[in-house]
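Chains as they are written, first to last, in the working numbering: chain A, 1 to 263; chain B, 1 to 240.
By construction, these hints were calculated from the structure, which means they are not laboratory data.
Watch out, some of these pointers could steer you wrong.
Sample of chain A residues at the chain B side, in silico, Cβ under 10 angstroms [claimed, not checked]: (1) 59; (2) 104; (3) 106; (4) 159; (5) 184; (6) 203.
Don't be surprised by glycine CBs; every beta carbon is placed ideally from N, CA and C.
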Amino acid sequence: MKALTLIDEIYDEAVIKKNFSRRETLTKGLGFGLKAMLAAVPLGLMDALGNKAMAGPSNTTIVGVLNFALTLEYLESTFYTMGLAASGLIPSTDTTIFMQISKHETDHVNTLTTTITSLQGTPVAKPNFDFTAGGTFADVFTNYQTFLAVSNAFEDTGVRAYKGQAPALLGAGAVLTAALDIHSVEARHASEVRRLRGLKGWISNAEANGDPAAIYAGEDNTTQLNINVTTVTAVPAVSVTEAFDEPLTMAQVLAIAGPFIKS
Amino acid sequence: MDTQIKTQNMLQKALQSRLGRRKILKYGLFSSGAMVLGLGACTKHNGGSSMSGAIDVGGGDTGILNFAYALEQLEAAFYIQVNAKFYTNATSAEQAILADIMNHEIAHRDFFKNALGSAAIPALTPDFSSVDFTSRASVLGTSKALEDTGVSAYNGAGQYLSSADYLTVAGKIVSVEARHAAAIRDLLNPKSADFAGDDVVNASSGLDFSRTPNSTTGGPSIVATANTFLKTKISATQLP
Numbered sequence: 001m002k003a004l005t006l007i008d009e010i011y012d013e014a015v016i017k018k019n020f021s022r023r024e025t026l027t028k029g030l031g032f033g034l035k036a037m038l039a040a041v042p043l044g045l046m047d048a049l050g051n052k053a054m055a056g057p058s059n060t061t062i063v064g065v066l067n068f069a070l071t072l073e074y075l076e077s078t079f080y081t082m083g084l085a086a087s088g089l090i091p092s093t094d095t096t097i098f099m100q101i102s103k104h105e106t107d108h109v110n111t112l113t114t115t116i117t118s119l120q121g122t123p124v125a126k127p128n129f130d131f132t133a134g135g136t137f138a139d140v141f142t143n144y145q146t147f148l149a150v151s152n153a154f155e156d157t158g159v160r161a162y163k164g165q166a167p168a169l170l171g172a173g174a175v176l177t178a179a180l181d182i183h184s185v186e187a188r189h190a191s192e193v194r195r196l197r198g199l200k201g202w203i204s205n206a207e208a209n210g211d212p213a214a215i216y217a218g219e220d221n222t223t224q225l226n227i228n229v230t231t232v233t234a235v236p237a238v239s240v241t242e243a244f245d246e247p248l249t250m251a252q253v254l255a256i257a258g259p260f261i262k263s
Numbered sequence: 001m002d003t004q005i006k007t008q009n010m011l012q013k014a015l016q017s018r019l020g021r022r023k024i025l026k027y028g029l030f031s032s033g034a035m036v037l038g039l040g041a042c043t044k045h046n047g048g049s050s051m052s053g054a055i056d057v058g059g060g061d062t063g064i065l066n067f068a069y070a071l072e073q074l075e076a077a078f079y080i081q082v083n084a085k086f087y088t089n090a091t092s093a094e095q096a097i098l099a100d101i102m103n104h105e106i107a108h109r110d111f112f113k114n115a116l117g118s119a120a121i122p123a124l125t126p127d128f129s130s131v132d133f134t135s136r137a138s139v140l141g142t143s144k145a146l147e148d149t150g151v152s153a154y155n156g157a158g159q160y161l162s163s164a165d166y167l168t169v170a171g172k173i174v175s176v177e178a179r180h181a182a183a184i185r186d187l188l189n190p191k192s193a194d195f196a197g198d199d200v201v202n203a204s205s206g207l208d209f210s211r212t213p214n215s216t217t218g219g220p221s222i223v224a225t226a227n228t229f230l231k232t233k234i235s236a237t238q239l240p
């Protein structure tokens, strides 16, 4: 009887492969970015077996999320462009790092803009920024430690912002994947910048290290899917908080970003 | 045991007729004793068995969570061994990072085991014979591969989840894996662009490299990569 079950499963596998072939054909060779996203959007509306409808978000919802993300990417890309242009700010030893981060943020602006346009949406205009946040970070472009603190704030906020929007993109196929692919890049940046500050690359408890506390609110959570992880593992509670990054809602992120946005 | 052999023979016949020789060779069905081992294992879990006799992670959201659980088991086992005796001349800073990462991966592993409950695949036996645990380059190189693989795996599987809660928890974990990857990459090549290098982050789109479990774009699949470090092999026949 076991063998019959196995044969059924093998047959199922062949059927699954066949169903996936269309998705693979459409996305194969298109590479990253717009083409890949567009090719897979309609397919994203199907479930993982490709044969059953799964409700996905409307274009309006997707564009709303992407415009939110675009605002944050404008914030970051403008910040790094200005930081790299400020003479004597970034030590030569660290220039390579910030050039790489700056390149990615500019890439993200372009990727999001193109995607929004292709979804018949209108990309938000680039806001005007005040990187001192009304004087809180007055020497942001003359004091490297301040610059690092603001960079750290933006990167960790970015990670939380994308994470918070992922459920809104559930069923959006490759657009969701692209958002996740940006999300992890922000996390790589965050780790690097934190370590430049002499911090751990990961977030312990809700420690803000001089940045606004709101950016780390809730990062000390230890309950995941209703499981208090500290009760099922032997590692210290602080490690559990480090092991799971927490999301922020759009409203929470906009409240954090608000002081940096003039108009 | 008789039943098992009988089952194995039946399965071989079935496979030969349905799949043909090429596919059988591809999956290496008769190259080792893995078949019997695999069949033994497949009676102990809910993920189903695969054509290769490996432990299959299953399908749907459960399959994706089990796939993640397999990777976390692998990572946890690796860092436990790394921390048991650090490589030669490991600095205290390096030891602190590797100890933290070990704790994170153990937390992930234990979380998934608990979240999956009776649907969880069994504990996997790792095979780190390819790693020289006395060598910094070998340990950090393996760490980098595991972390980058983890990032691409979570990113690639995310769109196949149907539960928003699972998607969120996967997001909570993948960014920590990305933080690990950046730190390890920086240890290997300090102050370079490698923490988010062009080999993993597309230089024109700024998107991290992501792959589905069985995708062979850019090299061996994630499943195949994981299996190079596993005695008990896994498969993901119901996932893309």
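Right, here's what the structure says about each hint:
{"no.": "1", "hint": "59", "result": "violated (17 angstroms)"}
{"no.": "2", "hint": "104", "result": "holds (4 angstroms)"}
{"no.": "3", "hint": "106", "result": "holds (8 angstroms)"}
{"no.": "4", "hint": "159", "result": "holds (5 angstroms)"}
{"no.": "5", "hint": "184", "result": "holds (4 angstroms)"}
{"no.": "6", "hint": "203", "result": "holds (8 angstroms)"}
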